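Chemist: Chain by chain, the residues:
There are 4 protein chains.
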Amino acid sequence: MSTVSYVVARYAETDQMGIVHHSVYPIWYEISRTDFVKSLGITYSQLEKMGVMTPLVDLHCHYSGVAKYEDQLKVECSISRLSPSRVEFSYRIFRQGEDLPLNTGTTLHAWVDAQTFRPVNMKKRFPDLYAKMENLLPR
Amino acid sequence: MSTVSYVVARYAETDQMGIVHHSVYPIWYEISRTDFVKSLGITYSQLEKMGVMTPLVDLHCHYSGVAKYEDQLKVECSISRLSPSRVEFSYRIFRQGEDLPLNTGTTLHAWVDAQTFRPVNMKKRFPDLYAKMENLLPR
Amino acid sequence: MSTVSYVVARYAETDQMGIVHHSVYPIWYEISRTDFVKSLGITYSQLEKMGVMTPLVDLHCHYSGVAKYEDQLKVECSISRLSPSRVEFSYRIFRQGEDLPLNTGTTLHAWVDAQTFRPVNMKKRFPDLYAKMENLLPR
Amino acid sequence: MSTVSYVVARYAETDQMGIVHHSVYPIWYEISRTDFVKSLGITYSQLEKMGVMTPLVDLHCHYSGVAKYEDQLKVECSISRLSPSRVEFSYRIFRQGEDLPLNTGTTLHAWVDAQTFRPVNMKKRFPDLYAKMENLLPR
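Protein chains in written order, with the working numbering: chain Y, 695 to 833; chain C, 695 to 833; chain P, 695 to 833; chain V, 695 to 833.
Just chain Y, with the same shape it has in the complex (with noise of 0.2 Å):
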């Protein structure tokens, strides 16, 4: 299962290259993720306010293609990897109309508590939520 997710390219966004900055892919999967997240039923703010958080453990991003201003962009997300302490999402972004991903990336996160950042037993403290994101996995 992945989740769809839809973004333009903003002004802002480009260097001068003339393309979309490479800092900016990290964020596009963040708003995919919140809409993995929101699919689960639960917001990413609620997650927080209910005392977890999801710090970045590793980031990996590639780039195959361009992306330009005003381009209209498709984000899948999905869920590829999960441990008690960890979750990993993966990323394919394409300009509307194309097959081909114009990047491709993963992020892995540690489970912590929104106090402490220490490593929270996501399974233990929301056993409901875990075996949501179980069934998502790719078998």
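These aren't lab readings, by the way, just hints derived from the structure by calculation. Certain hints may be false.
Identical copies go unnamed one by one, so any copy, or any two together, can satisfy a pair.
[To be verified] Heads up, simulated DSS-like pairs for lysine-lysine below, C-alpha to C-alpha not over 27 Å straight-line: (1) 732 x 768; (2) 743 x 768; (3) 743 x 732; (4) 817 x 768.
This one's a predicted model, so the numbers in the text were calculated from it and none came from an experiment.
Put chains C, P and V on the given structure of chain Y with help from the hints.
Modeler: What follows is chains C, P and V alone, placed relative to chain Y:
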């Protein structure tokens, strides 16, 4: 009294016009404001820990020139207005070695409580810091 | 006449106050300006290809409320002043479902040549587009 | 050989977790890459004027700690792989005074023509610069 800070224009700060994007200047103001507060003998981080935040009420930027990638810039910051509920800072940004600023601006901030976001009477809450700032106002 | 655009506040746009950073609002203005220009029957990308750029001369933002992560926002854009050498846009940003804007602002732009950055007389260079914009001015 | 650059975490770079947003680290890498190129006796701006651009192909960041507002950071940059068509830089980011990096990463870039975005054979086009970089590779 004004403090002086130095920044170098980053590649990521440019846009496809080949100049620094206009939304970057408020961030440079913020850097110089951080240094200004430090010159009062307190860091802005400490101010927040003491329970005071300073969200923006008004921002004005005037662009008379453009900054480009790798430009070395000097940012001057001074305090231009002060009341128990508000503070205004003024900024001038120069390309190194130039006499005329390429950008000038002001930011007006409210003094608010970090928990409630309600107004704080700065003169009552921190009389010493307030007096220090009062002394720095232009005559 | 004003155009309406929609944005959702991104996580990356928040700061440690827990609200959207003030430097983000000019970027939201820009999104709505892009949509406004599109409503004139031309994209801003095309305008640049036709040799015209519109760097900022003045920016003013007034913050009367705060936006938070995942807030859905409506951005209204209209043209408020026009001359052969300058154009000013006005903006109002509302949280969805609210009647009072949480942010209002203006941006004043120069019409300049994309190669030389020298002033362009927009009325002479693009009379049709200029007339269209003139028609959209408030009476 | 590695170059050393210094950055101070900006308020605008924080997010509502109270830490520097993960999308900022690639921008800090870029600052140190700018300094690295300068250490070769050429600025990156000059390289672009000579007709060469270096868009990203791959980005990897590993986050082992967090940076906070006003943290003073040291960014080390070195060249880790080189071919006529590609170059990889490696980065380590330390909080001042600490021995263990809080972030490490790599960026892989293509050498492309600034006009056409087509691959450039860097060894043929700029043999002297290429030789200089080759000398800086780890043995």
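Chemist: Go through the copies and call it for residue 817 and residue 768: within, between, both or neither, with a Cα cutoff of 27 Å.
Modeler: Neither, since 31 Å and 37 Å both go past 27 Å.
Chemist: Up to 27 Å between alpha-carbons, please classify residue 743 paired with residue 768: within, between, both or neither.
Modeler: between (29 Å within a copy, 25 Å between copies)
Chemist: With 27 Å as the alpha-carbon cut-off, assign the pair residue 732 and residue 768 to within, between, both or neither.
Modeler: both (17 Å within a copy, 21 Å between copies)
Chemist: Indicate which option fits the pair residue 743, residue 732 if close means a Cα-Cα distance not exceeding 27 Å: within, between, both or neither.
Modeler: Within one copy, since 15 Å is at most 27 Å while 33 Å is not.
Consistency note: the structure conflicts with earlier hint 4 alone.
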